[in-house]
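Chains as they are written, first to last, in numbering that gives the first Met the number 0: chain A, 0 to 307; chain B, 0 to 131; chain C, 0 to 549; chain D, 0 to 223.
Heads up, some of the hints might be wrong.
Said to hold, decoys possible - If you anchor each label on the Cβ, the simulated ranges turn out as follows:
id, chain 1, residue 1, chain 2, residue 2, range
1, C, Ala114, A, Met291, 53 to 59 Å
2, A, Gly118, B, Ile76, 52 to 58 Å
3, A, Glu62, B, Asn92, 33 to 39 Å
As the list claims (entries may be wrong) - Calculated pairs, DSSO-like style, for lysine-lysine (alpha carbon to alpha carbon, straight line, at most 27 Å):
id, chain 1, residue 1, chain 2, residue 2
4, A, Lys49, C, Lys338
5, D, Lys97, B, Lys11
6, C, Lys486, A, Lys49
7, A, Lys64, C, Lys280
8, C, Lys280, C, Lys532
9, A, Lys41, C, Lys344
10, A, Lys41, C, Lys280
11, A, Lys134, B, Lys101
12, C, Lys280, A, Lys49
13, A, Lys64, C, Lys338
Keep in mind the hints are simulated off the structure, nothing from the lab.
No residue lacks a Cβ here, since even glycine has one placed at the ideal position from N, Cα and C.
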Amino acid sequence: MGDKGSIWLPDAMSTFANEVDALFWFVFWTSTVLFIAVVAAKVYFMLRYKRTDETSVPEPVHESKLLEAAWIVVPTILVLFVFIWGFDVYLKMNTDPTDAYQISVMGKQWAWEFEYAEGVTAFSEMYVPVGRPVKLMMNSQDVLHSFFIPAFRVKMDVIPNRYTSLWFEATEPGEYQIFCTEYCGTTHSGMLAKVVAVSEEDFAAWIAEQSQDLPPEQLGEQLFAQCAACHAVDGSAKIGPALNGRFGTDRKLADGSTVTFDENYIRQSILDPASQVAEGYQPIMPAGYSSMSAKQIDGLVAYIKALQ
Amino acid sequence: MSHAEHHISSIKTLTIVFGGLVFLTVLTVLTAQLDLGAFNVPLALAIATTKAALVVVIFMALKWDNKVNTAIFGIGILFVIVFISFTLFDTLNRGDLTNTTKGTVQDQQIQAEKLQAQEPDASAIQFNRTPQ
Amino acid sequence: MSDSASSSINYLNNDKSIKSWLFTLDHKRIGIMYLIAVSLAFLAGGILALLVRVELMAPGETIMSADAYNQAFTLHAVLMIFTFIIPAVPAVMGNFVLPIQLGAKDVAFPRLNLASFYIYLLGACIALGALVVGRVDGGWTFYTPYSTSVGDGVLFITTGVFVMGFSSILTGLNFIVTVHKMRAPGLTWNRLPLFIWSIYATSIVQVLATPVIGITMLLLFLEKFLHIGIFDPALGGDPVLFQHFFWFYSHPAVYIMILPAFGIISDLMGTFSRHQVSGYKFVALSSVAIAFLGFLVWGHHMFVSGQSAVSSVIFSLITYLIGIPTGVKVINWVSTMYKGSVQLKTPMIYAISFLFTFSIGGFTGIMLGVLAIDIHLHDTYFVVAHFHYVMMGGNVIAALGGLHYWWPKMTGKMYNETLGKIAAALVFIGFNLTFFPQFIMGAQGMPRRYYDYLPEFQSYHLWSTYGSWVLGAGLFLILFYLIASLKSGKKAGLNPWGALTLEWTHTTTPPNPHNFEETPIVKRGAYDYHLAKELFASGGEVSEVVTSGK
Amino acid sequence: MANSHSNHPAHLQHHFVSSEQQFDAAKMGMWLFLVTEILLFSGMFVAYVVYRTWHPEVFLLSSELLNPFMGGLNTLVLLASSFTVALGIHYAQKDNKKGLVINLVLTFLFALTFLVVKYFEYTAKFEHGIFPGAAFDPHGVSHGVDYAMYNVPYAKQFFSIYFVMTGIHGFHVLVGMGLFTWITIRAVKGEFSSEYYTPVENCGLYWHLVDIIWIFLFPLLYLM
Ligand code: HEA
Ligand code: HEA
Ligand code: CUA
Ligand SMILES: [Cu+2]
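With the hints as extra help, turn the sequences into a complete structure.
Structure follows, in structure tokens:
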């Protein structure tokens, strides 16, 4: 398993990806054959019956009812066949095995948050065990998002006020891209993450490691993954200001006042971003982070404070 | 054109139809007071449809009009039915596979609150006792 | 031959004042005014498209910020869809040609016709007002709750779309009545040009579907303004319901875009093969079949939206069925050339390119309709490529064919045939270069509406951008030589293509203000070339105009 | 119109061949327009049906707040106005100008009555904080009804739908009143006869449709 991709499709890394691909290739090649037939006939007629005599008026061709009927019946059969096949695979893709390992996914502008039953929370990297069905229970905090892993051929919209879910079973260890495919605002294209598929043992080890209490700074570093779409830590301005080397300096605000970039300012910026807008920036930092726990905020503050 | 003569509805016809419409209105109001269980809605809709049909056929004279106009009207109604029924296929069956939940998060919360109201648990009782 | 006095008076020169244009009730002049407005919209939308392409040449910021990009593609789509492609063929060529092809003096309701033009202008201006007011964000689909949470630009766009909807409805209504009630004596349904059949089918869709976008826009407006809670999940509303509302209009709307193109292609195939269009009845009725089936498939845009599987299955099944009547058309167009007499003038070159590009668009549409495959392809560049292949490669290429075909009739001038062919080639090559790579990167997983992307997609994006320049060059060349032809073009003959429909055989070039000297009496079908041999007996250009029954 | 022929009646536009053709065309156009109106309202009906099937108990509860007496009265008023329009057309066909004008005026007055009743209904709702959308906040007590009791989840949706539906319908009534004013003036001037009364007939068709919509709105909103 784990078929190599082609120019058309990325590597197929989930259990049903190959079935989707088989269907894709069937439709692809039938269409190609039909298409070439149409184009070939067109080009041939165009050249063969090119007008040479301006006065010629060709007689109408006697139309064959049989031929006309065949053009209707044959494609209909073809199309019904594809429909049934497509439906079958669709059912499989959308009915999760009952023994699936469950992960909660929260989509928010513009990051993914993964919550494991063991109490572990992760951003930007979703660890999953290989060879075991995984089910994602997904929900959005703000607007529509869509969760897409090309290598697994899965995609599902993530909706506020309703849970949607998808499942897959990774076939090989590796890192695979996660995209957000429902337009969700400014940094829609930055709402990325990775699936990290690892063996069962590695997965268990990872969970165990994550469950330990991290020192605040490290916790902050992990959490910062969801801020990275807008904040650089290398001094370059993105949608939001860079956050390194700022601690203790003066910060000019959009309303003209100046404050010190200290712990309180950072905390305030996270809990209520609109209250103190940095000069030269739009007040578009999401307010959703106010739901973070005190521990998480302390972690972030510690992390930002230490950034050089 | 064959139907150069326009149909003229007599005052008598119009009055009878009007009387029928009033009667049916009273009937809807009355039947709505009865408790017919699941039948209340279909009955009210059936009466409304009858009334609408009377207006269309006689007042709007579709009965004597060009058949094309009847077709136009019929197609319009048909597509309203398509719109409603195809949307209902979705909304009534939401969550038929495991890729979505049936209810919304809000519904689940309401449900949970209802259950809690029936059987107050320890924390709820305590809450009630806290002096406010 | 018509007498010389009437051939010198035509709809263009009978009254040259500005007022006579702005208040004209003449369907031909209204058609020309639409042509100008719609071309400007295309130009504006196209320039935005070129900017979008430049931005996508490289990952990260190239020429604009993320917000600017998001507004650029939204505005590109809104302009292209609502101000350009929906009115393009029906309101321009439908208006100009349809009454003449029917042998009528005008459309049934000329005042309504002028009103639709001004309503269209008003709607377009309101939509553009969004530019002044602020953010136009969210894509042309306006999915809630995003659309109700961003700036006021969306309010203007929705109002604009609402207003333009009326224009579209009135145009459709006008044409349906005109086709039913204003046909010349002898012009039975079986003799109608196929262009008329397809405009007729289009009009049905316009009348039935457009009101729903009206109410959708109104509800969206109220949702944003009053928070009525129908679509916004935060208030207990259902965002998927909004998608039903939106696509109940917008899927049928894609047939508003493509059916008129089908009509043009049928006419072009018949004329330039000088041959009866094969399977006339099938081609005619399949337009109506497509129009009706088109109402039953909207949910294929919602396979991963969380809608129920029951509806996904129904929508998927019916989606395939649309391929059948469309296939009937494609195959009949190809076989029209069989044993015909094919002349490769510029319009015919567009028709031939159309067969190529539209078929690719159609087949990829079928792929998207397959439930399991669409899960992977949905909202990737594969979809972007699909719809540009059907809209740009289908509608626009056909419309360019139609424009070249009727240009002599509209203006009385011939364009430069050599430049015409060069431009057609540029458009064809540029178009495929722009959009074919998008299929591949889409299947590889490149999501749409992405300002920034992973480096592995760059080579595809680069080719696509180069392609858009070739395409743009072709289109600007067309603009250039068409305008040049107005000044220096050769005078057009009465029937330069040897066509048999009434606008070529029974009126002057350009047509006289009331279309005909006398109401024509039709004695043969639109493509019965074998019954009109004498017209072609002398060879060369057909220059005879029949003033009464042929 | 350059080539109008002397034997053509005044109302015949130049691009039509006969009055018959013009009349048929106008009427067909009107029917098509009615269909667009039906589809416009269909969106509201879809919203209604969806939310009703999801939350039937909330809809039942909320509809208690609507006054079926007022709704019923308005139904009768609209039916009567449909009747007078039909009579008006009858008189037009019979060349009875007086009958026509009287009935048109009656229709206008019925329409006005409808809106006045609606006005009282709306203000009674507004007083108790029943608004469409975010402002929805039922409160206060009147006639022994405690409005605050009705502040349940999804009641907001019911009233949003109620206000949008009846609002759009009311707007159509208003447009109808404009149309009848125009038609009445023309009728008084004697522009209509059994030969030509297309505008009367088309306004009538429009008005009947407004009536039909209400025929459905009434039971759906007020009674169940
Ligand atoms: C002019 C406009 C136009 C046209 C004509 C079409 C035509 C079709 N479209 Fe397309 N479509 C769009 C415009 C159009 N579309 C747009 C704008 C979107 C995206 C909107 C957005 O999200 O922004 C879209 C998206 C879209 C989707 C949703 C994809 C997604 O978001 O996941 C789907 C899915 O089913 C689809 C299917 C089809 C099909 C089956 C046809 C069929 O009608 C095609 C039929 C034609 C053929 C099949 C070719 C010719 C046939 C033969 C030669 C005979 C043999 C054929 C067979 C046996 C199959 N389209
Ligand atoms: C009619 C519809 C239409 C047309 C014609 C086009 C034409 C083009 N489109 Fe667009 N496009 C859409 C409808 C259309 N598009 C829609 C609906 C979307 C989805 C938006 C969304 O996600 O919400 C989209 C999105 C879209 C994207 C994806 C953006 C994203 O997802 O991030 C891209 C990217 O390449 C693109 C590119 C182009 C290009 C290069 C052209 C070129 O073909 C343009 C070429 C045109 C010109 C260069 C102008 C030249 C014109 C003249 C000189 C006037 C001449 C006049 C006469 C000849 C009379 N379009
Ligand atoms: Cu989240 Cu796009
Ligand atoms: Cu579609």
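Status of the hints after comparison with the structure:
Separation of Ala114 (chain C) from Met291 (chain A) is about 57 Å and conforms to the stated range, judged on CB atoms against 53 to 59 Å. Hint check: Gly118 (chain A) to Ile76 (chain B), Cβ distance near 57 Å, so the stated range 52 to 58 Å holds. Taking the beta carbon of each, Glu62 (chain A) and Asn92 (chain B) are about 45 Å apart, not inside 33 to 39 Å as hinted. Straight-line distance between C-alpha atoms of Lys49 (chain A) and Lys338 (chain C) comes to about 9 Å, which keeps the hinted pair within the 27 Å bound.
With a C-alpha separation of about 19 Å, the suggested pairing of Lys97 (chain D) with Lys11 (chain B) holds against the 27 Å cut-off. Only pairs whose Cα atoms come within 27 Å are accepted, and Lys486 (chain C) paired with Lys49 (chain A) is rejected, the gap being roughly 33 Å. At most 27 Å may separate the alpha-carbon atoms for a hinted pair to count; Lys64 (chain A) and Lys280 (chain C) meet this at roughly 12 Å. Annotation: proposed proximity of Lys280 (chain C) to Lys532 (chain C) holds, straight-line Cα distance about 23 Å (limit 27 Å).
Between Lys41 (chain A) and Lys344 (chain C), the direct Cα distance comes to roughly 16 Å. Compliance with the 27 Å bound is thereby established for this hinted pair. Using a Cα cut-off of 27 Å, the hinted pair Lys41 (chain A) and Lys280 (chain C) holds, with the two alpha carbons roughly 21 Å apart. Proposed proximity of Lys134 (chain A) and Lys101 (chain B) is supported: the alpha carbons are some 17 Å apart, at most 27 Å. Only pairs whose Cα atoms come within 27 Å are accepted, and Lys280 (chain C) paired with Lys49 (chain A) is accepted, the gap being roughly 26 Å.
Distance restraint check for Lys64 (chain A) and Lys338 (chain C): the Cα-Cα separation of roughly 18 Å lies within the 27 Å cut-off, and the hinted pair is therefore satisfied.
The earlier numbered hints that this structure contradicts are 3, 6.
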